[in-house]
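Construct the complete structure from the given sequences, taking the supplied hints into account.
Keeping their order, the protein sequence lines are chains A and B.
All the letters of the first sequence, read from the start, carry residue numbers 1 to 524 under UniProt numbering.
All the letters of the second sequence, read from the start, carry residue numbers 1 to 99 under UniProt numbering.
Quick caveat, the hints were computed from the structure, so don't treat them as lab data.
All residues carry an ideal CB built from backbone N, CA and C; glycine is no exception.
Take these hints with a grain of salt, some might be off.
Which chain B residues stay away from chain A? Per the calculated CB distances, all over 12 Å, these [claimed, not checked]:
1) Thr15
2) Asp17
3) Arg19
4) Pro20
5) Ala23
6) Pro50
7) Leu64
8) Arg73
9) Cys76
10) Glu82
11) Glu85
12) Arg87
13) Gln90
14) Arg94
Some chain A residues near chain B, calculated using beta-carbon distances under 8 Å [to be verified]:
15) Gln65
16) Thr163
17) Leu227
18) Gly268
Sample of chain B residues facing chain A (criterion: CB under 8 Å; computed from the structure) [stated by the list, open to error]:
19) Phe2
20) His6
21) Glu10
22) Pro11
23) Gly18
24) Ala24
25) Thr28
26) Ala35
27) Arg39
28) Arg51
29) Cys60
30) Asp62
31) Asp68
32) Glu79
33) Gly83
34) Met84
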Amino acid sequence: MTAAAASRDIAGPITHAADLADRYDVVVVGAGPAGLSAAVEASGRLAASGGSVLLLDENPSPGGQIYRAVTRRPRRPDDCLGADYWAGLPLADAFAASPAAYAPGATVWGVEPCGAGEGGAGKGHEPPLVGVSLGGAARRIAAGAVILASGAMERPMPVPGWTLPGVMTAGAAQIALKSADAVPAGRIVLAGCGPLLYLLAWQLLRAGAEIAAILDTADPGQRLAALRALPDFLRSPYVAKGLSLLAQVRRRVPVHGGIESLAIEGDGRAEHVLYRQRGRAGNIAAASIDADCVLLHQGVIPSTHLAAAAGCRIEWNAVQRAFQPATDDVGRSSVAGILVAGDGAGIGGAPHAAVAGRIAALAALADLGRLADADCRRALESLRRERARWRRGRAFLDRLYQPAAAFRAPRDPATIVCRCEEVTAGTLRKTVALGVPGPNQLKTFLRCGMGPCQGRLCAQTVTEIMAEERGVDPSAIGTYRLRSPVKPLRLSELAALPVPPDAVSAVTGEPPAKGPSESPADAR
Amino acid sequence: MFRRLHEPAEPVRFTFDGRPLTAAAGDTVAAALLAAGVREVRRSVVGGEPRAPYCLMGVCFDCLVTIDGVQNRQSCLTEVREGMEVRSQQGRRRLEGAE
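Now the structure itself:
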């Protein structure tokens, strides 16, 4: 361990909101590859001038989902996760050795923009405020710049029965493996498409799990669309590894391609998967397979809740078929002082995110006037080259694994779309036909997206269904309007937040008291 | 239901609906429940259907449980502690003390 890491261990991670400073030069949200590298870059460059960096993360240890528990997992010689997982350890170590402050187990429920309006740098404006709960108490922390590195979530895959116990996402099984050293017991069926599905299969096989089958839902029509991007992919860092992994999995697990529909059934839990498969001759065959655990996956999409609730402009990415915050080449969002880095700004994968985090950190420091323009330009030049390398081949993967329409907008009307409020595809389609203007009105009419997950598990599907029903592009439909708190916050925490004098005045009608009122008690 | 590849180095004891269970230090409550053989952690709010952790990464809110008396905790984001009392949630939540 380095001296810096040792000295930080003495200070230790911040575990209570009261121990946070009132202000940091840079606040990074998320400790995946983008967030870790942004915090390392920013804190390293600010160290000489005494600048401060805070990394807030929801999980108990650094790594995000891709490197989940990488600092805690014992590294056994026969470890099943593979070298790409352990590539996260140097990044986590670099962060541990950095002067950045670290608050794990922190829930960031909102970022309030600085009120400077659209575009431009954060210079000379009120700083953005980051709303965070930590150790049972909430605070608003001022930030010179906020770097959102909130990463990705799995694209919802609504099929009949996907709410049954025993059905999980592929990512969930991977997290259980990384963080709890556990694999699903009994017969596992993997269903969906995309590289992560096969990576998980490979890891589960190495861990000794029993995979009964992979039901591959990849849309054969996408092969042609992907072909144009093939030469680029062949020169990419993904090709050799990907092909060898696919071959190893196919040797050991029956892979059924051309899956056109799926339904999971069972009495109170997943017991079997019914599927329809299109054969080479175009014939459709129906079959059923027994399963104790069904793992669904059809790619990942950016987690946009924080950025969207902060007022950042959100745009539709037609190739990745997902909404993402609009960012410039270095990660600045449409809101001054808020940058977005990594998969949260558009899916690029972990090594790409690590570079994007550094780039966003440099941009943030330049905007704050804490990094000379010439230094920034020089550093950006080599990072942009590195980023281009990791972007190579992405277009091929994005097109090849674009999920089929039937799995983006479920056909069976009984399929639950909103898991929280239990709203079905049929109800949504009928309501769209009544002339509902957009997702926000659907939400008002049906409560879809109004449960505790705040639309995370249904927003994508609602847009897809509405676009299909209307025969328009999803960009013309849009998505739910989001507001903070984007994560549940206890009323007692909210009530205990300091109240600014003008907010008190707005409620009481009394003129603001002289001097800042810093606590609710003072406000009374 | 999950099974562990190795015995936990540091076992942690907790309860689920009063039943004593063992976890590994550092587990989230959700992972600990799954590894201890728990299939169902709650009943859904609208239909009363059985639910279990789905995403394990804080997105889906299907793993909501009551932990040490506090309702609606995301068990996949909460580290298990010695002596923790975890309870399943049956249907719709009520304000504590409300009729």
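Right, here's what the structure says about each hint:
Distance check for threonine 15 (chain B) against chain A: the nearest CB is about 18 Å away, which clears 12 Å, and the non-interface claim stands. No Cβ of chain A comes within 12 Å of the Cβ of aspartate 17 (chain B); the nearest lies about 15 Å off, and the non-interface call holds. Every Cβ of chain A is farther than 12 Å from the Cβ of arginine 19 (chain B); the closest lies at roughly 17 Å, confirming the non-interface assignment. Taking the minimum C-beta to C-beta distance to chain A, about 19 Å, the non-interface status of proline 20 (chain B) holds against the 12 Å cut.
For alanine 23 (chain B), the requirement that its beta carbon stay farther than 12 Å from each beta carbon of chain A is not met, with the minimum near 8 Å. The claim that proline 50 (chain B) lies off the interface is violated: its Cβ sits roughly 5 Å from the closest Cβ of chain A, which falls inside the 12 Å cut-off. For leucine 64 (chain B), the non-interface assignment is contradicted: its Cβ lies about 7 Å from the closest Cβ of chain A, within the 12 Å cut-off. Distance to chain A contradicts arginine 73 (chain B) as a non-interface residue, since its nearest Cβ pair spans about 9 Å, not more than 12 Å.
At roughly 8 Å, the least C-beta separation between cysteine 76 (chain B) and chain A is not larger than 12 Å, which violates its mark as non-interface. With 12 Å as the threshold on Cβ separation, the claim that glutamate 82 (chain B) sits away from chain A holds: the shortest Cβ distance comes to roughly 15 Å. No beta-carbon of chain A comes within 12 Å of the beta-carbon of glutamate 85 (chain B); the shortest separation is about 17 Å. Chain A leaves arginine 87 (chain B) outside its interface by the beta-carbon criterion, the shortest separation being 17 Å against a cut-off of 12 Å.
Against chain A, the non-interface label of glutamine 90 (chain B) holds: every CB pair exceeds 12 Å, the least being about 14 Å. Chain A leaves arginine 94 (chain B) outside its interface by the beta-carbon criterion, the shortest separation being 14 Å against a cut-off of 12 Å. Interface restraint check for glutamine 65 (chain A): the shortest CB-CB distance to chain B comes to about 5 Å, inside 8 Å, so the restraint holds. Using the Cβ-Cβ criterion of 8 Å, the hint placing threonine 163 (chain A) at the interface with chain B is satisfied: the shortest such distance is roughly 6 Å.
Hint on leucine 227 (chain A) is violated. Least Cβ distance to chain B is approximately 33 Å, over the 8 Å limit. With a least beta-carbon distance of about 5 Å to chain B, the hint placing glycine 268 (chain A) at the interface is held under the 8 Å criterion. Interface restraint check: phenylalanine 2 (chain B) against chain A, minimum CB-CB distance 4 Å, threshold 8 Å, status holds. Interface restraint check for histidine 6 (chain B): the shortest CB-CB distance to chain A comes to about 6 Å, inside 8 Å, so the restraint holds.
Because the closest C-beta pair between glutamate 10 (chain B) and chain A is about 11 Å apart, greater than 8 Å, the hint is violated. Residue-level restraint check for proline 11 (chain B) is violated (minimum Cβ-Cβ distance to chain A is 13 Å; threshold 8 Å). The interface hint given for glycine 18 (chain B) is violated, since its Cβ lies 20 Å from the closest Cβ of chain A, which is over the 8 Å cut-off. Given the 8 Å rule on beta carbons, the hint for alanine 24 (chain B) holds: about 7 Å separates it from the nearest Cβ of chain A.
A cut of 8 Å between beta carbons decides the hint on threonine 28 (chain B): the least distance to chain A is about 7 Å, and the hint holds. A cut of 8 Å between beta carbons decides the hint on alanine 35 (chain B): the least distance to chain A is about 5 Å, and the hint holds. Given the 8 Å rule on beta carbons, the hint for arginine 39 (chain B) holds: about 5 Å separates it from the nearest Cβ of chain A. The beta carbon of arginine 51 (chain B) is positioned within 8 Å of a beta carbon in chain A (closest approach about 6 Å), and the interface hint is therefore held.
Satisfaction of the interface hint for cysteine 60 (chain B) is found here, the shortest Cβ-Cβ separation to chain A being roughly 5 Å, below the 8 Å cut-off. With 8 Å as the threshold, the beta carbon of aspartate 62 (chain B) comes within range of chain A, its nearest partner Cβ sitting at about 7 Å, so the hint holds. The criterion of a C-beta within 8 Å of any C-beta in chain A is not met by aspartate 68 (chain B), whose closest approach is roughly 11 Å, and the hint is violated. The interface hint given for glutamate 79 (chain B) holds, since its Cβ lies 5 Å from the closest Cβ of chain A, which is under the 8 Å cut-off.
For glycine 83 (chain B), the suggested interface contact is broken, since its CB lies about 17 Å from the closest CB of chain A, more than 8 Å. Interface hint status for methionine 84 (chain B): violated, as the beta-carbon distance to the closest one in chain A is roughly 14 Å, over 8 Å.
Violated hints for the displayed structure, listed by number in ascending order: 5, 6, 7, 8, 9, 17, 21, 22, 23, 31, 33, 34.
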